[in-house]
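J.: What follows is each chain in one-letter form.
Protein chains: 2
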Amino acid sequence: MKFSKATNYALHTMLFLASSKNSKPIGVQVLAEKQSVSPTYLSKILTKLVKEGMITSVSGANGGYSLSHGWESISFLDIIQAIEGKSSLFDCYDHGPECPIRKVMLSSEEKMEEELRRRTIADLV
Amino acid sequence: MKFSKATNYALHTMLFLASSKNSKPIGVQVLAEKQSVSPTYLSKILTKLVKEGMITSVSGANGGYSLSHGWESISFLDIIQAIEGKSSLFDCYDHGPECPIRKVMLSSEEKMEEELRRRTIADLV
DNA sequence: GCCGTTTTACTCGGATATATGCTGTCCGAGTTTACCGGG
DNA sequence: CCCGGTAAACTCGGACAGCATATATCCGAGTAAAACGGC
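So the sequence lines, in the order shown, correspond to chains A and B.
The first sequence lines up with residues 1 to 125 when you count with the numbering used here.
The second sequence lines up with residues 1 to 125 when you count with the numbering used here.
Do not rely on the hints blindly, as some may be mistaken.
Identical copies go unnamed one by one, so any copy, or any two together, can satisfy a pair.
Unchecked claim - The calculated EDC-like cross-link candidates involving lysine to aspartate or glutamate, where the alpha carbons are at most 16 Å apart (straight line), are:
no.: 1; residue 1: LYS103; residue 2: ASP91
no.: 2; residue 1: LYS86; residue 2: GLU113
no.: 3; residue 1: LYS86; residue 2: GLU114
no.: 4; residue 1: LYS21; residue 2: GLU72
no.: 5; residue 1: LYS103; residue 2: GLU115
no.: 6; residue 1: LYS2; residue 2: GLU84
Honestly, the hints are just simulated from the structure, not real lab data.
Go ahead and model the full structure; you've got the sequences and the hints to work with.
T.: Following this line, the structure appears as structure tokens:
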């Protein structure tokens with residue numbers, strides 16, 4: 001089990017957008033170049049962030065992506081879940097909600113999420 | 001990103017072995033049946049636990065798997081890492097060890113591992 | 001009843017499908033800006 | 001100077017290919033206990 005590269009790209013893109021306080025949108029070409037990833041693939045990833053309202057996209061010439069209003073409160077967990085989905089890391093089949101193993105796994109997972117919820121991109125700028 | 005089913009099987013097998021205090025080894029057939037998984041596949045998973053010294057296997061008739069001496073101190077993390085490997089959940093390419101995002105991810109991951117290290121199968125019996 | 005042989009019940013390991021999800025590409029469509037040429 | 005049309009610079013979305021890994025199966029080999037059979 002690994003975090004996907006897509007999550008990595010999303011996090012670094014958010015950090016980059018937050019670092020360049022430019023109000024003008026930044027094209028996906030530029031963002032992709034910084035991370036050595038193809039623009040079309042990055043675009044696909046960023047679309048997920050747009051749908052979650054974390055960033056906004058502007059079509060047409062001089063278009064690109066920029067942070068949404070209220071971006072300062074976006075946590076690592078928000079970004080990760082936008083890419084990876086919100087489902088639990090651990091599936092316990094046929095053992096029901098009372099499965100003691102499941103309980104341990106879920107509580108441990110929750111510890112990580114607490115920390116990821118606490119940390120924001122804005123903290124790093 | 002998900003924990004693999006193999007990890008689930010490994011954890012439940014450990015719990016089952018710990019619950020049935022029987023000193024006699026238990027055949028993979030029995031263990032597999034409890035979890036609705038094929039015996040040959042489960043065997044492959046359990047081999048990893050054997051290599052890590054958590055359980056021992058006995059060949060031949062009336063053979064099977066049983067807990068190793070000192071099993072009481074085996075943590076969830078031990079079992080999970082035996083199956084999933086010990087590498088970090090988050091890879092940061094080309095950003096070096098000073099990458100601030102990497103630091104946040106690793107520290108969050110560490111929170112989960114702390115909890116998994118604290119919890120043992122023996123606690124659940 | 002004893003001992004050697006065979007059968008049976010197991011695990012072990014490698015090789016090999018199959019499935020699933022991640023990564024990445026391609027292309028057509030829509031959108032906005034910049035440019036350009038005619039009046 | 002203005003205005004309309006065209007080109008250029010973008011994002012968006014779906015379809016699709018390639019690849020890695022997880023999942024699962026198959027089979028031959030080794031191993032230990034039980035069963036058997038001759039003496």
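J.: Is it within, between, both, or neither for LYS2 and GLU84, if the alpha carbons may be no more than 16 Å apart?
T.: both (11 Å within a copy, 9 Å between copies)
J.: Up to 16 Å between alpha-carbons, please classify LYS21 paired with GLU72: within, between, both or neither.
T.: within (12 Å within a copy, 54 Å between copies)
J.: I want to check one pair: LYS86 and GLU113. Are their C-alpha atoms no more than 16 Å apart within a copy, between two copies, both, or neither?
T.: within (11 Å within a copy, 20 Å between copies)
J.: When no copy is specified for LYS86 and GLU114, does a C-alpha distance of 16 Å or less occur within a copy, between copies, both, or neither?
T.: Classified as within; 14 Å inside a copy, 22 Å across copies.
J.: Between LYS103 and GLU115, at a C-alpha cutoff of 16 Å, which is it: within one copy, between copies, both, or neither?
T.: between (19 Å within a copy, 12 Å between copies)
J.: Checking LYS103 and ASP91: alpha-carbon separation at most 16 Å within a copy, between copies, both or neither?
T.: within (11 Å within a copy, 27 Å between copies)
When the structure is compared with the earlier hints, no violation turns up for any of them.
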